[in-house]
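Participant: The listed protein sequences derive, respectively, from chains Z and W. Numbered continuously in the working numbering, the first sequence closes out at residue 392. Numbered continuously in the working numbering, the second sequence closes out at residue 278.
Accuracy of the hints is not assured; some may be wrong.
Claimed, not checked - Here are the simulated lysine-lysine pairs, DSS-like style, with alpha carbons at most 25 Å apart:
1) Lys282/Z / Lys380/Z
2) Lys232/Z / Lys308/Z
3) Lys190/W / Lys240/W
4) Lys232/Z / Lys242/W
5) Lys282/Z / Lys377/Z
6) Lys221/W / Lys216/Z
7) Lys255/W / Lys242/W
8) Lys240/Z / Lys282/Z
9) Lys189/Z / Lys190/W
10) Lys216/Z / Lys202/W
11) Lys216/Z / Lys240/W
12) Lys216/Z / Lys190/W
13) Lys267/W / Lys245/W
14) Lys190/W / Lys202/W
15) Lys232/Z / Lys187/Z
16) Lys275/W / Lys221/W
Hints listed in this document are in silico derivations from the structure and should not be mistaken for laboratory results. All values reported here derive from a predicted model rather than from experimental measurement.
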Amino acid sequence: MIVAKTGNEAMAYAMKQINPDVVAAYPITPSTEIVQIFSSYVADGLVDTEYVAVESEHSAMSACIGAAAAGARAMTATASQGLALMHEMLFIASGLRLPIVMCVASRSLSSPLNIHCDHSDSVASRDSGWIQIFCENSQEGYDSVIQAVKIAESCYLPVIVAIDGFILSHCMDRIEVLDDDQVQKFVGKLKPNYSLLDVDNPITVSPACLPDSYFEHKRAQAQGMIEALPVIEKVIADFAQKFGRNYPVLEGYRTDDAEAVVLAMGSTVGTARIAVDNLRREGKQVGMVKLRVFRPLVHQRIKDFLGKFKVVGVLDRVESVNSYVSPLTNEIRSALYPAGQIQNCHKPLVPSYVYGLGGREITPEDIMNVLDELLTMAKTGKMKDEVTYVGVRE
Amino acid sequence: MTKLKSWKELPCGAILTDTKAVLENKTGTWRTMRPVLDKTKCINCLVCWIYCPDAAIKIKDGKVVEIDLDYCKGCGICVEVCPPKVKAIKMVKEEK
Chain Z
-1 MIVAKTGNEA MAYAMKQINP DVVAAYPITP STEIVQIFSS YVADGLVDTE
49 YVAVESEHSA MSACIGAAAA GARAMTATAS QGLALMHEML FIASGLRLPI
99 VMCVASRSLS SPLNIHCDHS DSVASRDSGW IQIFCENSQE GYDSVIQAVK
149 IAESCYLPVI VAIDGFILSH CMDRIEVLDD DQVQKFVGKL KPNYSLLDVD
199 NPITVSPACL PDSYFEHKRA QAQGMIEALP VIEKVIADFA QKFGRNYPVL
249 EGYRTDDAEA VVLAMGSTVG TARIAVDNLR REGKQVGMVK LRVFRPLVHQ
299 RIKDFLGKFK VVGVLDRVES VNSYVSPLTN EIRSALYPAG QIQNCHKPLV
349 PSYVYGLGGR EITPEDIMNV LDELLTMAKT GKMKDEVTYV GVRE
Chain W
183 MTKLKSWKEL PCGAILTDTK AVLENKTGTW RTMRPVLDKT KCINCLVCWI
233 YCPDAAIKIK DGKVVEIDLD YCKGCGICVE VCPPKVKAIK MVKEEK
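Given the sequences, and given the hints that come with them, work out the whole structure.
Facilitator: Okay, structure coming up:
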């Protein structure tokens, strides 16, 4: 069925079709509508979900953790300060290997106060042990929420599905929704390994692990993340085969003979496609790389795919203010560092382009300018600037 | 001393399914306040048993037998969750 929905509406609708056991949430712009709409599904009796209206995002994640530990399928949604307030509990959810799925409408972090899109919130949670999926459009957001449930419950890891705040969350788009039973069949029944409420089989959840055992548990958790990638790719392939929409963890657009490429996450991927098309019409050999799965970092894919280019400009919608280059650039550079050891691979120049903070618009022209600059770097073999702030007033 | 396990042998998410660790680690020495149960008031709803983060509430045949102070760190959660009309547990200060 084809419907007109905003990103938030599409994600709420996906949650309705998933029909989770528990949703615990606290409203925050721009993700409020997701749980607001979902709560109306609860009120109208369209889902079987126990909806927990909590007093903060810290409590929202705590309630999801409790529910998931009891063997329930638990979901929530948040953004920005809400995700920041959850920070402590994010690590507990992942450390306990609980398959919680969270929708995020990406938004900047205060201060100064700003409600608009950048990736500061999710990217600041990059080391919290959650799988992170960044979506190009609302269709992908809808589909990814459904995939995320399957991914989370297959590898016992929590998953964030991020759509760009306002740009996607509040924009009406054409969405192809699946039938309820298609979604139910795809996500299947949750088969928890244990339940906190099973009094006949008592368990200890989150025991104190001192220096003699904490390290081993963290090593095991890291392995869970390593082993997640094949599971993620299997779910993506399964979804593509069943419903015809394929979203690789990393993909190239017109990159085959490209001299220079930009790499991006989120809605800017769509903008970059237009920029690439425009320059291709002028005969310029440029391309774009979309990174969809940010966590786990798909380092081997990055190495294999990007190693062949002379220059890769990283479009980063976040500024970590205290690093050498911006966060995503750091990740790409670290993955590419050993690329020189692979046959026919260069170590590409990887300049950082910080853009769009606090919802500052990024246009195809902005990205065309970046690509032109990258083409010059490809010719000269010299990096112009390590970090460029696109669209900031000097 | 038993050999410590490799990371590959540990349960996913550090979930412990046996109660050995709980029974071995007696946390009663942490206590500064002690719960005192009035059995004449207790209605055996077992809410304290569910909420107790350790193994301090001893039950038998669906009834609260005693509070085992070896496992009671004196958190007072049992007092908080005991139904308001019952109030069968109160905290008293540990004194020498």
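Participant: Next, verify each hint and record whether it holds.
Facilitator: Here is how each hint holds up against the structure:
1. Lys282/Z / Lys380/Z: holds, 19 Å
2. Lys232/Z / Lys308/Z: It is violated: about 31 Å lies between the C-alpha atoms, which goes past 25 Å.
3. Lys190/W / Lys240/W: Distance of about 35 Å is beyond 25 Å: violated.
4. Lys232/Z / Lys242/W: violated, 49 Å
5. Lys282/Z / Lys377/Z: OK: lysine 282/Z and lysine 377/Z at ~13 Å, within 25 Å.
6. Lys221/W / Lys216/Z: violated, 44 Å
7. Lys255/W / Lys242/W: Between lysine 255/W and lysine 242/W the Cα gap is close to 22 Å, so the pair holds against 25 Å.
8. Lys240/Z / Lys282/Z: violated, 37 Å
9. Lys189/Z / Lys190/W: It holds: about 22 Å lies between the C-alpha atoms, which stays within 25 Å.
10. Lys216/Z / Lys202/W: holds, 22 Å
11. Lys216/Z / Lys240/W: Roughly 34 Å separates the two Cα atoms, so the pair is violated.
12. Lys216/Z / Lys190/W: Status holds; Cα separation ~11 Å.
13. Lys267/W / Lys245/W: holds, 18 Å
14. Lys190/W / Lys202/W: holds, 20 Å
15. Lys232/Z / Lys187/Z: holds, 18 Å
16. Lys275/W / Lys221/W: Roughly 20 Å separates the two Cα atoms, so the pair holds.
Of the hints listed earlier, those the structure fails to meet are numbers 2, 3, 4, 6, 8 and 11, in rising order.
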